[in-house]
Amino acid sequence: MRAYDLIVIGGGLVGGAVAWGAARLGASVALLDEGDVAFRAARGNFGLVWVQSKGAGMPPYAHWTRRSAELWPELAGSLAEATGVDVALRQNGGLAFCFSETEYQAREDLIARMHNESGGIGTRMIGRAELRAMVPGIGDSIVGAAFCPVDGHANPLKLLRSLQAGLAGFGGDYLPGRTVDAIDYDGGFTVRVGAERFLAKRVVIAAGLGSRRLAPMVGLSMPVSPLKGQIVVTERLAPLLDYATHVVRQTDEGSVMMGDSQEDVGFDIRTTTPIMRDIAARNLAALPALRDANVVRVWAALRVMTPDGCPIYEQSATHPGAFSATCHSGVTLAGAHALALAPAVMADELPASLAAFNAGRFDVPPA
Amino acid sequence: MFRRLEDPRAEIEFDFEGRAVTAREGESVAAALLAAGLRGFRATAISGASRAPWCMMGVCFDCLMEIDGVASRQACMVTVTRGMQVRRQRGAKALDGAAAPFDDDEGEFA
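Residue numbers (this note's numbering), protein chains in the order written: chain A, 1 to 367; chain B, 1 to 110.
None of these hints come from the bench; they were simulated from the model.
Each hint should be verified, as a subset may be incorrect.
[Unchecked claim] For each label pair, taking beta carbons as the anchor points, the in silico distance ranges come out as:
#1 A/R132 with B/R39: 54 to 60 Å
#2 A/F99 with B/P8: 55 to 61 Å
#3 A/A317 with B/A94: 55 to 61 Å
[As the list claims (entries may be wrong)] A short list of chain A residues far from chain B (calculated; beta carbon distances all over 12 Å):
#4 P73
#5 E101
#6 G127
#7 T234
#8 A238
#9 S255
#10 P288
#11 N294
#12 P320
Yeah, the Cβ is synthetic: ideal placement off N, Cα and C, and Gly gets one too.
Starting from the given sequences, assemble the full structure and let the hints guide the process.
Below you can see the structure in the form of structure tokens.
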């Protein structure tokens with residue numbers, strides 16, 4: 001039986017960032033990771049640090065996302081210093097391509113609305129000529145884009161690895177192969193995994209799609225469901241795209257990743273030809289030169305979606321010291337999770353700015 | 001390193017970076033260049049390490065070369081034709097043109 005200041009349940013990007021952030025403050029931390037039987041959204045992530053379209057109708061989410069983007073350089077720098085892993089953060093702006101005049105108008109409206117709701121961050125619409133100057137290979141059918149100067153991207157697998165290595169470096173325990181059976185509460189928490197027992201003053205549920213089962217054990221609600229995304233990856237190519245975009249990005253090592261499909265099909269991670277064909281067609285319209293690229297990998301993964309697409313953060317009213325943390329933007333929000341959420345958990349109180357992320361918002365009966 | 005067995009097939013010539021190389025009809029580009037003594041076939045995209053054919057059956061992708069102007073082709077899976085133009089490939093393939101050329105003697109014939 002081992003006792004900790006904090007047990008984080010879920011070894012993905014959310015749990016990893018919270019665990020690392022707490023251990024960095026000197027807390028003794030255990031990170032319980034289920035294993036390869038889990039759906040592991042962190043292994044399928046596209047890798048965007050994406051701000052421009054997050055939080056329409058939900059200003060606290062827009063502000064939280066911006067804060068994370070601001071904290072990201074400190075996160076990347078700290079990880080590199082402590083673990084030697086360069087997570088390939090690049091925040092030189094992001095482009096949302098508009099494939100039609102209708103899409104352009106809708107994007108312009110969205111950007112204006114978010115500016116009015118949540119304040120400006122420099123996002124602006126750019127037309128064909130300016131877009132061509134930024135992306136010389138852009139296809140003729142792309143009518144323009146929204147450019148946001150604080151968007152970027154990073155390598156999600158290196159991020160995951162460095163968070164786990166960093167946790168170990170701070171003396172934390174990364175414990176894989178632990179599927180939590182039950183959580184008992186008597187003022188502190190006892191987490192039961194088979195015959196093992198782990199004790200802690202605090203517990204964070206950050207188990208992705210597994211959170212739905214775990215949260216009620218500590219008086220929380222995490223009504224998350226899967227939203228499938230497929231990703232198509234090319235061979236390594238000489239640099240052809242300087243900016244992150246919502247549909248395609250070129251990694252630091254030259255691979256071109258294409259994605260942004262959304263399928264509500266339950267717990268299904270099979271890749272399918274029609275979706276891959278759609279992804280390829282859209283990206284060939286955006287970057288026609290990709291017709292000569294060889295595809296080397298495809299995969300599917302499940303986003304962890306709440307009913308409104310915004311994160312859940314909450315401290316349990318009935319089990320103080322138990323917190324929920326989930327979102328579908330494990331890379332984007334890693335800066336905030338590590339450097340803002342983790343300190344709040346260790347201070348035993350979430351700030352007022354996170355009150356809007358209470359899962360009670362889903363309890364309102366439909367009108 | 002490699003020595004051909006007695007081979008009754010007809011000889012054909014192709015071009016490797018400006019020099020004429022003799023192959024046997026039906027051979028793959030990789031087999032012909034190994035027989036000719038080429039050591040390094042490409043330099044990898046990240047570290048620039050030298051690579052040569054390994055599996056010779058289309059699986060390992062370590063024999064990638066520029067063949068008739070198309071980069072990242074598997075030399076072990078392409079049959080030599082008369083007059084074919086073959087070059088080593090340095091680093092990642094560029095989509096807007098030919099592969100970056102080798103400018104040193106890495107990968108010279110043994």
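So, going through the hints one by one against the coordinates:
no., hint, verdict
1, A/R132 with B/R39: 54 to 60 Å, "violated, 43 Å"
2, A/F99 with B/P8: 55 to 61 Å, "holds, 58 Å"
3, A/A317 with B/A94: 55 to 61 Å, "holds, 58 Å"
4, P73, "holds, 24 Å"
5, E101, "holds, 28 Å"
6, G127, "holds, 24 Å"
7, T234, "violated, 9 Å"
8, A238, "violated, 4 Å"
9, S255, "violated, 9 Å"
10, P288, "violated, 9 Å"
11, N294, "violated, 6 Å"
12, P320, "holds, 49 Å"
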